[in-house]
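Chains as they are written, first to last, in my numbering: chain A, 1 to 335; chain B, 1 to 335.
Just so you know, these hints were derived from the structure itself, not from any lab.
Glycine included, every Cβ here is placed at the ideal spot set by N, Cα and C.
Be aware that a few hints might be false.
[Unchecked claim] Simulated crosslink set (EDC-like; lysine to aspartate or glutamate; CA at most 16 Å straight-line):
hint	chain 1	residue 1	chain 2	residue 2
1	B	K169	B	E190
2	A	K261	B	E256
3	A	K261	B	D230
4	B	K261	A	E256
[Stated by the list, open to error] Listed next, the stretches of chain B that the computed footprint assigns to chain A, with coverage defined by at least 3 CB atoms under 8 Å from CB atoms of chain A:
hint	stretch
5	55-67
6	244-250
7	255-263
8	271-284
This is what each chain is made of:
2 protein chains.
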Amino acid sequence: MTNINRQFLLAARPHGLVKETDFEYREAPVPEPGDGEVLIRTSYISLDPSMRGQMENRADYVAPLEIGQVMRAGAVGRVVESHHADFPEGCLVSGTFGMQDYVVTDGRRIPLRRFDAEVAPEAALGILGGTGMTAYFGLLDVGRPEAGDTVVISGAAGATGSIAGQIAKIRGCTVIGIAGSTDKCHWLTEDLGFDAAINYKQEDVASALDTHCPNGIDVYFDNVGGEILDLCLARIRDGARVVLCGGISRYNATGELSGPKNYFNLVFRRARMEGFIVLDYAKRFPEAEAQMREWMREGRLQQRVTVVDGFEELPRTLIRLFEGYNTGKLMVKTS
Amino acid sequence: MTNINRQFLLAARPHGLVKETDFEYREAPVPEPGDGEVLIRTSYISLDPSMRGQMENRADYVAPLEIGQVMRAGAVGRVVESHHADFPEGCLVSGTFGMQDYVVTDGRRIPLRRFDAEVAPEAALGILGGTGMTAYFGLLDVGRPEAGDTVVISGAAGATGSIAGQIAKIRGCTVIGIAGSTDKCHWLTEDLGFDAAINYKQEDVASALDTHCPNGIDVYFDNVGGEILDLCLARIRDGARVVLCGGISRYNATGELSGPKNYFNLVFRRARMEGFIVLDYAKRFPEAEAQMREWMREGRLQQRVTVVDGFEELPRTLIRLFEGYNTGKLMVKTS
Numbered sequence: 001m002t003n004i005n006r007q008f009l010l011a012a013r014p015h016g017l018v019k020e021t022d023f024e025y026r027e028a029p030v031p032e033p034g035d036g037e038v039l040i041r042t043s044y045i046s047l048d049p050s051m052r053g054q055m056e057n058r059a060d061y062v063a064p065l066e067i068g069q070v071m072r073a074g075a076v077g078r079v080v081e082s083h084h085a086d087f088p089e090g091c092l093v094s095g096t097f098g099m100q101d102y103v104v105t106d107g108r109r110i111p112l113r114r115f116d117a118e119v120a121p122e123a124a125l126g127i128l129g130g131t132g133m134t135a136y137f138g139l140l141d142v143g144r145p146e147a148g149d150t151v152v153i154s155g156a157a158g159a160t161g162s163i164a165g166q167i168a169k170i171r172g173c174t175v176i177g178i179a180g181s182t183d184k185c186h187w188l189t190e191d192l193g194f195d196a197a198i199n200y201k202q203e204d205v206a207s208a209l210d211t212h213c214p215n216g217i218d219v220y221f222d223n224v225g226g227e228i229l230d231l232c233l234a235r236i237r238d239g240a241r242v243v244l245c246g247g248i249s250r251y252n253a254t255g256e257l258s259g260p261k262n263y264f265n266l267v268f269r270r271a272r273m274e275g276f277i278v279l280d281y282a283k284r285f286p287e288a289e290a291q292m293r294e295w296m297r298e299g300r301l302q303q304r305v306t307v308v309d310g311f312e313e314l315p316r317t318l319i320r321l322f323e324g325y326n327t328g329k330l331m332v333k334t335s
Numbered sequence: 001m002t003n004i005n006r007q008f009l010l011a012a013r014p015h016g017l018v019k020e021t022d023f024e025y026r027e028a029p030v031p032e033p034g035d036g037e038v039l040i041r042t043s044y045i046s047l048d049p050s051m052r053g054q055m056e057n058r059a060d061y062v063a064p065l066e067i068g069q070v071m072r073a074g075a076v077g078r079v080v081e082s083h084h085a086d087f088p089e090g091c092l093v094s095g096t097f098g099m100q101d102y103v104v105t106d107g108r109r110i111p112l113r114r115f116d117a118e119v120a121p122e123a124a125l126g127i128l129g130g131t132g133m134t135a136y137f138g139l140l141d142v143g144r145p146e147a148g149d150t151v152v153i154s155g156a157a158g159a160t161g162s163i164a165g166q167i168a169k170i171r172g173c174t175v176i177g178i179a180g181s182t183d184k185c186h187w188l189t190e191d192l193g194f195d196a197a198i199n200y201k202q203e204d205v206a207s208a209l210d211t212h213c214p215n216g217i218d219v220y221f222d223n224v225g226g227e228i229l230d231l232c233l234a235r236i237r238d239g240a241r242v243v244l245c246g247g248i249s250r251y252n253a254t255g256e257l258s259g260p261k262n263y264f265n266l267v268f269r270r271a272r273m274e275g276f277i278v279l280d281y282a283k284r285f286p287e288a289e290a291q292m293r294e295w296m297r298e299g300r301l302q303q304r305v306t307v308v309d310g311f312e313e314l315p316r317t318l319i320r321l322f323e324g325y326n327t328g329k330l331m332v333k334t335s
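So here's chain A without its partners, still in its complex pose (with noise of 0.2 Å):
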């Protein structure tokens, strides 16, 4: 254990693309529990999409994140440092502890997750975390999928899509990816089973979507907005559902953005779209990773982890997320 706490903070609201100078290095001592308060230890933090957003204010359903304040990042982490009986030294946590290595809570001003010996810290801060409860939560949730169900998946190769869509498989659909390279969807094919997948930055998606979804599609689960958001609501069937759960295409825009054109066609169709956030589900966690955790015991959910090293990459390897580094979950290794 060091004595200083290295944190990032927002130094600047991004325009367009996130650029490392909208960050600011700063070593701060490290804090001291009080009573009833744990010290955290973080081990691995996460980069999320939807933190594009919180630099700009612009996702009001979180508290607002000031010039000067640590960056927000989901992280886990080790309790170093104990006076709360339900988090003793040594056990995993997770929570929203920021881009920093130390973090002092009493389990409610930072909420806390704690895990059992069995999880890794990996599948603590991905395939159990808040991507982990994403995909389940949006797909099956909101999705509702059906056995038979075309599925399509944008973003598939992400944390989130990649969870979703071998949820669906494991319901008994049929699902396509769509994601933005070769590796990714070979991944998606050969490993995690997906019936088909899309390489949109190669394929002309909307014959490649009519030649995968003959019958048009029943769920779709969209990660990305923009164009692909409009073919896929070209190609719904009666009564689909389409899962807004996230617009990676849209957060690093600058100027005004365009909406979905064909949302007509949800009239035609008799079919919905539905927005969702994650955090709403809090109290059904513990459901969801339980059930997760016996599909990963028999074998029928993997996750891939994409695994930076070293605190000092946090602000590079978030623009690298929005250029589609990472396969899977992508995370930085901080001690």
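Assemble the complex: chain A is given as a structure, and chain B must be docked to it using the hints.
This is chain B only, laid out in the frame that chain A set:
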């Protein structure tokens, strides 16, 4: 009874605004009903925004309409010759009879709804007809308003919007209508009991919505699409329902249509946007009819009709529908 069956045929697919030359007038012989069939004399023919899409075969939830066919239209009429026990001579029936004086059906080829003697033809075509059913199921089944909700309705002085708004009032909601004239707005607030009305042609809709919906919108019942849909999406509350009923601002547009650029607020607000087709609710029309007639007897639900006299007025009246001519249900009296 004459021996001429006046008809308007679809003569051309409209481009942009509907023109009179998109229709062709023809006089045909009166058809003769066979065994198990009835001959119906239409008395009122309905003009509806959805006819525009059918003229272009854009509405793929119904059978195609070809050039030279009788223009499709909802209508009410009396059975003038019956060989079908369910539909005796003199009874009032409604169905998709088209723009013509006479039609023959066995009750299945063109499905019939029969009304009892207490129902006026104007009610059978309006408040108890397609637009009334659209209002009832769209608001209650798709919109799911709760007492205390703030409900915004566009096209509020139209056949569907005016009924949907009254039903929302019956359900204990605060109801704000958006319409296109002072007279229409006055009717909504003074006669129908809407809490407020916004004249979109004279007021700044954004600031008027801010005034009348200080806590945001729980249900937005959309008949118009376009900019008003976007303004409402920007103001939805957590868990809001956006009911896609129509998009009259789009129907006569040429060139590429834009989509709702604020759609992503469905994510932040955990909200949904959903379309529906009233034909899917046909089995439940009797339930809705019974409930709406009860509300009418209690004086809680009323309709206004705009009746244009004369079969020859049909094409011009459809054009005037898109000019905002009507308050309430628009129909042509043909006999």
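Consistency of the hints with the structure:
1. Distance check on the hinted pair: K169/B and E190/B sit about 13 Å apart at the alpha-carbon level, within 16 Å; holds.
2. Between K261/A and E256/B the CA atoms are separated by roughly 8 Å; this keeps the pair inside 16 Å, and the hint holds.
3. With a C-alpha separation of about 12 Å, the suggested pairing of K261/A with D230/B holds against the 16 Å cut-off.
4. With a CA separation close to 8 Å, the supplied pair K261/B and E256/A stays within the 16 Å bound.
5. For a cut-off of 8 Å, the count of residues in the stretch 55-67 of chain B with a CB near a CB of chain A stands at 3, and the three-residue condition holds.
6. Only residues whose beta carbon comes within less than 8 Å of a beta carbon in chain A count, and the stretch 244-250 of chain B has 5; three or more means the coverage holds.
7. For the stretch 255-263 of chain B, the stated coverage by chain A is satisfied: 8 residues place a CB nearer than 8 Å to a CB of that chain, which reaches the threshold of 3.
8. Here the stretch 271-284 of chain B counts 8 residues with a CB under 8 Å from a CB of chain A, which clears the bar of 3, and the coverage holds.
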